[in-house]
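Residue numbers (the working numbering), protein chains in the order written: chain A, 1 to 526; chain B, 1 to 397; chain C, 1 to 346; chain D, 1 to 332.
A hint or two may mislead.
Derived PhoX-like pairs: lysine-lysine, alpha-carbon spacing no greater than 25 Å straight-line [stated by the list, open to error]:
(1) 37(C) / 295(C)
(2) 95(A) / 189(D)
(3) 209(B) / 185(C)
(4) 189(D) / 129(A)
(5) 365(A) / 265(B)
(6) 189(D) / 365(A)
(7) 330(D) / 90(A)
Facing chain B, from chain C, some residues (calculated, C-beta under 8 Å) [as the list claims (entries may be wrong)]:
(8) 53
(9) 57
(10) 87
(11) 88
(12) 92
(13) 93
(14) 111
(15) 114
(16) 134
(17) 176
(18) 208
Everything labelled a hint here was simulated from the structure, so no lab data went into it.
Keep in mind it's a predicted model, so treat the numbers as computed, not measured.
All C-beta atoms, glycine included, are put in the ideal place defined by N, C-alpha and C.
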Amino acid sequence: MTDNGEQTAYTEGPKAPAGGDRETLLEITGLSKSFGTVHANRDISLRVDRGEIVALLGENGAGKSTLVKQIFGLITPDAGTISIKGDATKIKDPKDAIRRGIGMVHQHFQLVPVMTVAENMMLGHETVKGGVLDLDGARQMVRELSTKHKLSVDPDAEIEDLPVGTQQRVEILKALSRKVDLLILDEPTAVLTPQETDELLGVMKELAAGGTSIVFITHKLREVLAAADRCYVLRQGQVVGGVDDLTSTTTSDLASMMVGRDVVLRVDKAEATPGDTVLSIKGLQVRDDRGLPAVDGFDLDVRAGEIVGLAGVEGNGQRELVESIAGMRPSIGGTVSLAGEDITRSNARDTNNAGVGHVPEDREKHGIVGGYSIADNLVLNRYDEEPFAHGFRRDFGAVREHAVELREEFDIRSPDVEAPAGSLSGGNKQKVVVAREMSAKPQLLMAAQPTRGVDVGSIEFIHRRIVEARDAGAAVLLVSAELDEILSLSDRIAVIHGGKVVAEVAGKDADRTEIGRLMAGDSDHH
Amino acid sequence: MADPDRPPGKDAPAPAADPAPVDTTKAAPVVAERGAAPPPTGVLGFLVRHQAIVVPIIAVVLAFVIGAILIRAQGFNPTYAYQRLFTRSFLTHDGLLATMQKTTPLILVGLAVAIPLKVGLFNIGGQGQLMAGGIGAAWVAYALRDLPGPLLVIVAIVVGVLLGAMWASIAALLKTTRGVHEVISTIMLNSIAVGLIDWLINGGPLADKGQPFPTSHSVPEGARLTPLGILPWGLPVALILAVLVAWMLKRTTLGFELQTVGRNKFAAGYAGISTTKSTLIAMAISGGLAGLAGVFELLQIDPYRYQNGIAGSLGFDGITIALLARGNPLGTIPAAILVGAMRAGAPSLQFELGIRPEIVDVLLAITLLMVSLPVIAKWIFRRHATKQTQLAGSWGA
Amino acid sequence: MKAKPFLIAAPAALALALAGCGGSTGNSTDGSSTAPKDCSSADVFCIGLVTDTGSVDDKSFNQAAWEGVKAMEGDGVQTKYIETKDAKDYAANLKQFTDQKYDAIVTVGFLMTEATQTAAKANPTTKFIGVDQFQEATVENVTGLVFPEANAGYAAGYLAGLLTKTNKIGVVLGQEIPPTQNYAKGYELGSKAANPKISVAKVYHPAGDNAFSDSPWGAGEAKKMLAQGADIIFGAGGGTGNGALGEVAKTSGAGTSLYCIGVDLDQWDTVPEAHPCLVTSAEKKLTDGTTDLLKQVKDGSIKGGNFNGKTGLAAFHDFDSKLPAEVKTKVADVVKGIEDGTIKVG
Amino acid sequence: MPDMEWLSRNKIWVGTAALVLIGAYAFYAVNSNIAVSMFSYAWFLAVPLVLGAMVGVIGERSGVVNIGIEGQMLVGAFAGFFAAAATQSIVVGVIVGALSGIAMGAFLAFSTVVGQLDQIIAGVVINIVATGITSFYFESGKTIPRGLPNFDVPLLSKIPLIGPVFFSDGPIALFALIIVFVLHFLLFKTRWGLRTRAVGEYPSAADTAGINVIALRLFNVTAAGILAGLAGTYLSMEATSTFERGMSSGRGFLALAILIFGAWRPMRALAAALFFGFMQSLASQLQASDVVNIPQQFINLLPYVLTLVVLAAAAGRVRAPGAVGQPFVKGD
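The shape of chain A in the complex, shown without the other chains (with noise of 0.2 Å):
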């Protein structure tokens, strides 16, 4: 697996701060784990101490997440020790990470839907009165963490019925409410807002230096710099690297141990070439899976020759808005055309044939077909049409054939086009999307997420590609919640906050605070 010579592990550690007395919370040493032949952590060692907040910085697949599922006994590691305050005994289950003062709040909310803050808050640690949960206790113990902490939520309410920020707040309370040592965050500030971010951070900070201490997982450098003392830098499973002071560091030295290379901060491309209108997008209206309006009088437009970026916090209509325009979603005001015909009612397989590729948001969900073969993934969407089938018949041959073809001009690393799509790392499927919508050569490109997940060397060509595909004429519409992305992709930028564009900017004039700034919206203040 080690495969350039440069890379080694890193293991020594970052020296303790200054006047390090302080009591050392958490230390591992040597933790591998492997799923199979993957070697998700190898050789690991870290150390944290009381009162200190230390991010785990690396890529998507760095081995982060598996690292703090370890400690939280979520997975059980093949070598190596985890030891908390000294204790090296196994840690078997979360109950006993909780019960040895280890909370974690994990990315996507352990909370259940249907029950309310108090009872979420309790569960697993319940208290009985004669019999009979205290559910009062529970609301006394929300209300008093909540103003403890600052962090307001009603105890009485439904989760599903929160916004996900209320939800975090949940989470960080339900996490605190166990007399934690050590906080685990997990990519806690992923579906945050850049002013919740900070608030957030602060948060951290307070419980810090009141002795918890924090590891807090992030691929976001401002905000490693921002809040923590210490950090780790993960990559291939591998601490690379450790920054104990912080302060001298700058983003680009974090970001090249991250990656291991010099980052391109920007793709290299053209000026673009601006053509006619291709995607014209008037006031519409799109509702979510629970029927509240997500997407609310959105108006843009797209030209071909350009690539504009959508910039904006998750969870603000970006998804329906996208899949309204591919025809997966119905729209219930507004009108979207493509070239000048609408195309605000057609269903998904009328849009791309009118010309629309999509590069769906989760691609594990809706972009490919696990099972089958990579080749059919490839005809996913067109294998009905000639030279792919024959009336009702479907040809094989010539399934297989394109799919040979584009192995080869998309890179798709794969034995053979028969083998399971399923079996592919994430680059390798991202890449078959791509594939699949680009080789159609679609006026208008929409690619959302595009590398979410997928590892450095695939992000490059994708981005390459995609820069490809404006300069061949193609308009394309990236959407993305990393703001880097977008900075360095877009000619322009438009930011959604609340379901509509609330400005838009020319790429290059981009100012990354500013937009920030925009993604929180203007009336967005606790």
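Chain A is already provided as a structure; the job is to place chains B, C and D on it using the hints.
Using the frame of chain A, we list chains B, C and D on its own:
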């Protein structure tokens, strides 16, 4: 790792399905699924590749072994019993005819369960759909009794198939428009079919009031499909349909659509394949096949009347067969022959040995148990075992 | 997979456990040990019986007919049965016997009327006895053993009419088909003849598939009738009726004096749980009728067409001493009157 | 006051219950005999449905579909009856019946929760195995000493209407009534209930909260088998004193319908079962009194048709526990 905290669900990828970034920097083949070793070669490799066949065969063998213990415990000689069962079902004219006659509807109801399985639907309503087809044919056969026989047969088949398809479509429509789980709706529809038909033939509009028991009028002689030697008319039809269904699923765009919906309905939606349409089509085909089974039960088997009990346990046998065949349409043929032969031979077990005919139900139950438990496949193939279908996920919708 | 050995072992263990508790069943004459006799030989008189979709131990007409067959056992007689599991197997099951050249074949239940006639036409030398099968047209070698159920019902109703104290009686029936309708009709007429003030509650099982085997339903109906003041319940519908008898017995055990009346055969023997209330049964003498006809087959005197079996009331058993002599005399007179034709039912 | 809160949240249900009660007592005032008999009959028929539905409630609230209730019931009826016949002890019969239910429940639990067998397939297997085994090993001529006797509960049985209907039956019927309320309490007021609901709604949340999802599911599904076994023994030893082949005759499936009809809540399932029982009661009353002449079959169909109508009408409002049907894989 992509999305490692995703809540468990059928679409959730295996945690490590997304290996570390290493694989793009080298040209080595990408590793398949979690922890999969290279596919074995030799005999084991052969068995692994054909486990869809191997597992049911082992299950049947195990069931017969356990059955032998049961027969022995009842004081009979199992070898002799199995020998008689086989002789009767395959080596005598009447027995073979009975086997073939029983196999016919079994293939059809097996397909009626297997097709919806491909779309991720579990059709427990084969019973009701078969009854709908049978009563439809009985109605036509009486209402149009003056038509020439062959024409009447064709009309009866058309009507029976349509009624079966309609009955199944109720469940499909409830599913697509109102999200009612098909297992619940088909169970309810089975009971409704029993009651409605009982009313029809017991003093109701289709009753033959000249008979002292609830029955429809008998099929006119000209429209009766008396067997050609040992070959009932319906058997070749059923065989052809099994092949057609297999071909449809594998080779046609419709088959691709159905299977895409079954494997990943979100991707299907993305690709512009309508889940609604696929659900309706699959259930209609399925109901039509079950309905056709009902038509043949009426037209090709003495007493050529629709009576209570004509459907027997065929609807549930269909489930047994589809599971034995592991959802493979062609697999329904051997599975149906197995079940058909056992049912055909059961009376002779009692006649010649005195073993209760219910032994057959026990054998089938054990077979089903063996074939359903993933344990056997896991035991033999270890990690090469293919994954079982999950149907229960959309429960309650 | 730690659970593996367990899951493999479980079915096998279950099988062994079950193997241990199974009793032996089967035909009375032989298992696999003794070679079957040659039925085509004139020395051997072979009788076969095909049940309808029930079993020979159904406490009802299949069992009664089989007992009639067994009564013929002796030297040079071979008896066998096949239980039909699927209504479409009637012909095939009959053919097993005709292929072996059985001399007489008893088929039980009206459902087999057509199948029996068809087989008879194909095997003119074999004699067929169709229990409960009314022959519309005479086939030379088929004799339908039929019973005027209304007569049995009348006698039962008459007794009930005399015994009731509340003037309310009930009848719980299986599916609504001619035999059950006849029982109900006779029961109503008989009870009214004995007691003009009487009211009769009657209910048929509404479902088609389990109308004769739904004992909990029968019990529930009986419970309801009792609660509404009925003190005598006639259970006429296989297992469904037996459920009614059981419920009356249970309630009557609680100190009240209630009666129940069985059907088809003397249910004192077949439904022992009904002993606390079972005053008699409206009996079709199925066993006797079957034996009588088989004897006719043996001595060659049997004729095609319909043979009217006897009906009547079964013995009072434990209630013999409890019933007033006057009641017994009156009932005996009615039974006699029906028999000799002085009382016409319906 | 939480009680007032509860009242205001459930006002539709409380109101309906009050109306039904008033209606029932009005009926009782007009003709006490008929009213008592019809309601008793309704409850008599509802008992196995209620017990079956509770099996479903426990299973599905824990995230496991159980369509094998029919088979569990049948085996319970069979094993209980024949054990009682063999030992001539009704107590042994009831215990064996309940244990057989546990055995079937354990099969469902282990095959689906540990063995990852599809839950619906496992249920179908249970049903088919139950039919095969109970008919093959059926023996005629066996009798049990006497069915479980009815008895009057002191005081309660004296309440007009409700007393004779609910408090003068056999022990299993009384148990069925009690278990509904007990289960409601357990499910919504206790630690076990909170955890069970969490495990059925969102198992990974329960898992990260330190709850052993697998163990809780195994325990619940297995233990619920007791109720299915008792439903069976009710059929063969309390409602009647006999076993018939296929004795459950669809009651397990009807229980499933009632479970959904009752929105996965014990008390509403009880109400649904009573409603179905009463429809049948009404049907037979109309038939017996020759008032109207609608074909009996139609009334018999009513529960099934109503279930479909309710499910169709309540789309989106009646919601199954979130994780029902899905196997839980740790660390996924």
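To see whether the hints hold, each was checked on the structure:
1. 37(C) / 295(C): Given pair residue 37(C), residue 295(C) holds - Cα atoms ~20 Å apart, limit 25 Å.
2. 95(A) / 189(D): holds (22 Å)
3. 209(B) / 185(C): Holds - the C-alpha atoms of residue 185(C) and residue 209(B) are around 18 Å apart, at most 25 Å.
4. 189(D) / 129(A): With Cα atoms ~10 Å apart, residue 189(D) and residue 129(A) stay inside 25 Å; holds.
5. 365(A) / 265(B): holds (9 Å)
6. 189(D) / 365(A): violated (38 Å)
7. 330(D) / 90(A): Holds, at about 17 Å.
8. 53: holds (6 Å)
9. 57: Violated. Min distance 11 Å.
10. 87: Check passed: Cβ of residue 87(C) comes within 4 Å of chain B, closer than 8 Å.
11. 88: holds (5 Å)
12. 92: holds (5 Å)
13. 93: Holds, about 5 Å.
14. 111: Result: holds, 6 Å to nearest chain B Cβ.
15. 114: holds (5 Å)
16. 134: For residue 134(C), the interface hint holds, since the closest Cβ of chain B sits about 6 Å away, which is under 8 Å.
17. 176: Cβ of residue 176(C) sits 7 Å from chain B, so the hint holds.
18. 208: holds (3 Å)
Hint compliance for this structure: hints 6 and 9 are not met, and every other hint is.
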